[in-house]
Amino acid sequence: MDDAGPHEIAEADTLTPLHPNHVKLLRVQAAIAALPLTIGALALELTTELPTGVVIAPVLLLAAWLVIRVPLRRHAARGYSLGADRLRVVRGLWFRSDTAVPFGRVQHIDLAQSALERMFDLATITVHTAGTHNASVSLPGLAPADAAAMRETIARHIRRETA
Amino acid sequence: MSADVSPHRTAPLGVLVGAVRNIRQAVLPAAAGAYGLRDEFGGIGFIAGFAILALAIGGIGAFLKWWRTTYIVGADAISVESGVVSRSARSVPYERIQDVSLEQPLLARLLGLAQVKFETGAGGADEIALAYLPLAEGERLRELVRDRRDDSAPAPAIDGDPAEPAGQVLFAMPPRRLALFGLFEFSLAAVAVVVGATQQFDFLLPFDLWDREAWQELLGAPAGRVAALGPLAQAAGALAALAVLAVIGVATGIGRTIARDWGFVLERTAKGFRRRRGLFTKSDVVMPAHRVQAVELTTRWLRRRFGWHALKFISLGQDSGSASHVVAPFAQLGEVAPIAAVAGFALPGDETSWQRPARRAFIDGAVLGAVIPLAAAIGLLFSPVPLAAPLPLLAVPLIALRQAYLWRRARHALDERYLYTRRGWLAPRTQVADRVKLQSVEIAQSPLARRGGYAALHLGLAGGTLSLAAVPLDEARRIRAGLLASMAEVDFAKIS
Numbered sequence: 021m022d023d024a025g026p027h028e029i030a031e032a033d034t035l036t037p038l039h040p041n042h043v044k045l046l047r048v049q050a051a052i053a054a055l056p057l058t059i060g061a062l063a064l065e066l067t068t069e070l071p072t073g074v075v076i077a078p079v080l081l082l083a084a085w086l087v088i089r090v091p092l093r094r095h096a097a098r099g100y101s102l103g104a105d106r107l108r109v110v111r112g113l114w115f116r117s118d119t120a121v122p123f124g125r126v127q128h129i130d131l132a133q134s135a136l137e138r139m140f141d142l143a144t145i146t147v148h149t150a151g152t153h154n155a156s157v158s159l160p161g162l163a164p165a166d167a168a169a170m171r172e173t174i175a176r177h178i179r180r181e182t183a
Numbered sequence: 004m005s006a007d008v009s010p011h012r013t014a015p016l017g018v019l020v021g022a023v024r025n026i027r028q029a030v031l032p033a034a035a036g037a038y039g040l041r042d043e044f045g046g047i048g049f050i051a052g053f054a055i056l057a058l059a060i061g062g063i064g065a066f067l068k069w070w071r072t073t074y075i076v077g078a079d080a081i082s083v084e085s086g087v088v089s090r091s092a093r094s095v096p097y098e099r100i101q102d103v104s105l106e107q108p109l110l111a112r113l114l115g116l117a118q119v120k121f122e123t124g125a126g127g128a129d130e131i132a133l134a135y136l137p138l139a140e141g142e143r144l145r146e147l148v149r150d151r152r153d154d155s156a157p158a159p160a161i162d163g164d165p166a167e168p169a170g171q172v173l174f175a176m177p178p179r180r181l182a183l184f185g186l187f188e189f190s191l192a193a194v195a196v197v198v199g200a201t202q203q204f205d206f207l208l209p210f211d212l213w214d215r216e217a218w219q220e221l222l223g224a225p226a227g228r229v230a231a232l233g234p235l236a237q238a239a240g241a242l243a244a245l246a247v248l249a250v251i252g253v254a255t256g257i258g259r260t261i262a263r264d265w266g267f268v269l270e271r272t273a274k275g276f277r278r279r280r281g282l283f284t285k286s287d288v289v290m291p292a293h294r295v296q297a298v299e300l301t302t303r304w305l306r307r308r309f310g311w312h313a314l315k316f317i318s319l320g321q322d323s324g325s326a327s328h329v330v331a332p333f334a335q336l337g338e339v340a341p342i343a344a345v346a347g348f349a350l351p352g353d354e355t356s357w358q359r360p361a362r363r364a365f366i367d368g369a370v371l372g373a374v375i376p377l378a379a380a381i382g383l384l385f386s387p388v389p390l391a392a393p394l395p396l397l398a399v400p401l402i403a404l405r406q407a408y409l410w411r412r413a414r415h416a417l418d419e420r421y422l423y424t425r426r427g428w429l430a431p432r433t434q435v436a437d438r439v440k441l442q443s444v445e446i447a448q449s450p451l452a453r454r455g456g457y458a459a460l461h462l463g464l465a466g467g468t469l470s471l472a473a474v475p476l477d478e479a480r481r482i483r484a485g486l487l488a489s490m491a492e493v494d495f496a497k498i499s
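Residue numbers (the numbering used here), protein chains in the order written: chain E, 21 to 183; chain S, 4 to 499.
These are calculated hints, taken from the structure and not from any lab test.
One thing to keep in mind: the hints can contain errors.
What the hints assert, rightly or not - From the derived model, a few chain S residues whose C-beta atoms are all more than 12 Å from chain E:
hint	residue
1	48
2	109
3	304
4	347
5	418
6	458
7	461
8	465
9	467
10	483
11	488
12	491
13	497
Said to hold, decoys possible - Label pairs and their calculated CB-CB ranges:
hint	chain 1	residue 1	chain 2	residue 2	range
14	E	114	S	349	50 to 60 Å
15	E	141	S	392	27 to 37 Å
16	S	497	E	101	51 to 61 Å
17	E	133	S	38	33 to 43 Å
Said to hold, decoys possible - Only some residues are given here: those of chain S computed to face chain E with a beta carbon under 8 Å:
hint	residue
18	25
19	282
20	284
21	355
22	356
23	391
24	392
25	393
26	397
27	442
28	450
29	487
30	493
Just so it is clear, CB atoms sit at the ideal spot from N, CA and C, and this is done for glycine as well.
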């Protein structure tokens, strides 16, 4: 894919990339997803009379691609920018999406850390809006300190506006 | 009004309404069960036992529910405790209640009761409802909630009589208009049900419906002569059957429309827009004017030829399902525009500078749509009937035609205050949204959209959805920049 082609949504220079640890997180998630397929292929390989490697080799190649290459590209496709009055979240490798939420439309903010995220010292921030579409916009792969600072920035803006 | 912190029960008579509803819900499954088991346990005793059981369960269930439900109208919140086995307590602060709606199903209305629903915008099961309260108590609660909530907000106008604020009638439907509306609401579903029923339940008839000889016997000699007339008479018979079905469809449409929209009145009161309608189930909804986020103008292909449209308010705290906030179900454009204007929205006119969508998107849509019939055709080619292969391909021109029409109809416009969109295939659907009242803006691109240089623009709208399906990318960015600028000027707290 021509990632910097003229038809791209995002003007890449204005975006902040996610934390480098996010790639590792994506890799672990991909490995977990690829595990059942690999085990199934292994079982098939051991139980049938097919020539050695006919099933397991392509499956292993696919798994390696999913675990090594795809997370890099997915990471590169993601980014955000925290403007003076809005949060912009860009994501998606095939189906690109670029969402902008003005701070003045944020209803409340969630900070979350799953067990995996804690392993890599990452956090996800989710902003909720009143809209039916994009009722909640999540931005994963942030350093917890950055996420907390972001929450403070948005909350301060809301307090100032409603006061 | 002073806070009353003692727990109340709902109206005892409501048990009766609840029991009847429970029993009614049990009737169909019970009948189906009895029908299924009719060979094993024939006999009236079995059916009577079944009926008594259904009555008892329905009645006891309704009583327990009534007995275990209490509500407290507190100083700053309404709380409801309910649950027969597992208890739940929910408390909703007055500021969070968007609206209070009163609903009166037929039986409740006969007993002077109403279901009181507190709409919070949570939607569906998260709303709290009290079924049933005396109507007067419901109206008192509604006034109380509005007064509490409006204490903080600036009073929009001076109320002459707080109990029954007189409103200016914006739209009403006299019986003649209603009947005309019903004609356009022709019900194909009813026709299908009748046709299905004649095939399913023909055993109930004393003869075989589909047996021509039985008919001839039943009608005697004249039928024999009719049959002797040959294909002409058979065609006449088919026409008669079609006419009967048409009458059933029209009658169902009119009946349903009258039941739903009888006495339709839309008023502008000090508290917002008040809509009352319904013949058997009366509904009375009030929408605070400042909560209207967008307006939607819809029509259908036949009624459009006669200029009939429907106007709907998309508002925060919209109730779910078909009980949408239609404010003028069947009106001419000249009647609709003033209603929208009162809500602060302008319908698109001659001066609106419409923009066309990206044509490429609709060509892509046609190509994508052709994939399925093409695959089916290829599949048939290798099947036992290869001659049928061209048949699915007949769908391709239809798909292309549809995309062409979609492209012709789709358009959007952006002026200083509103975002307008129009789309639809057979009949256009127009949406007008206040720029300031949008919640978020998303630009989305599929792989095809990236190749074609267009994008979809999804706008966050409270209570509804709004998107521009295919806009050239540069324009999408421009629209987004403009919308974000006007959204950032005003905080949510000031628009809701």
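Hints, one by one, checked against the model:
1. 48: 54 Å, holds
2. 109: 33 Å, holds
3. 304: 27 Å, holds
4. 347: 18 Å, holds
5. 418: 20 Å, holds
6. 458: Check fails; 7 Å does not lie beyond 12 Å.
7. 461: 5 Å, violated
8. 465: Non-interface label on residue 465(S) violated, nearest chain E Cβ at 4 Å vs cutoff 12 Å.
9. 467: It is violated; residue 467(S) is separated from chain E by about 6 Å at its closest Cβ, not greater than 12 Å.
10. 483: 7 Å, violated
11. 488: For residue 488(S), whose nearest Cβ neighbour in chain E is about 9 Å away, the distance does not exceed 12 Å, so it is violated.
12. 491: Nearest chain E Cβ is 4 Å from residue 491(S), so the label is violated.
13. 497: 8 Å, violated
14. 114(E) with 349(S): 50 to 60 Å: About 39 Å separates the Cβ atoms of residue 114(E) and residue 349(S), which means 50 to 60 Å is violated.
15. 141(E) with 392(S): 27 to 37 Å: At 59 Å between Cβs, range violated.
16. 497(S) with 101(E): 51 to 61 Å: Since the Cβ atoms of residue 497(S) and residue 101(E) sit about 26 Å apart, the hinted range of 51 to 61 Å is violated.
17. 133(E) with 38(S): 33 to 43 Å: 56 Å, violated
18. 25: 33 Å, violated
19. 282: Since the shortest Cβ distance to chain E is 32 Å, the answer is violated.
20. 284: 27 Å, violated
21. 355: 24 Å, violated
22. 356: 24 Å, violated
23. 391: With a minimum Cβ separation of about 35 Å from chain E (threshold 8 Å), the hint on residue 391(S) is violated.
24. 392: Hint on residue 392(S): violated, closest Cβ of chain E at ~32 Å, above 8 Å.
25. 393: 34 Å, violated
26. 397: 32 Å, violated
27. 442: 3 Å, holds
28. 450: At 5 Å from the nearest chain E Cβ, residue 450(S) passes the 8 Å test, so the hint holds.
29. 487: At 6 Å from the nearest chain E Cβ, residue 487(S) passes the 8 Å test, so the hint holds.
30. 493: Hint holds; residue 493(S) Cβ to chain E Cβ min 7 Å, cut 8 Å.
Taken one by one, the earlier hints fail for this structure at numbers 6, 7, 8, 9, 10, 11, 12, 13, 14, 15, 16, 17, 18, 19, 20, 21, 22, 23, 24, 25 and 26, listed in ascending order.
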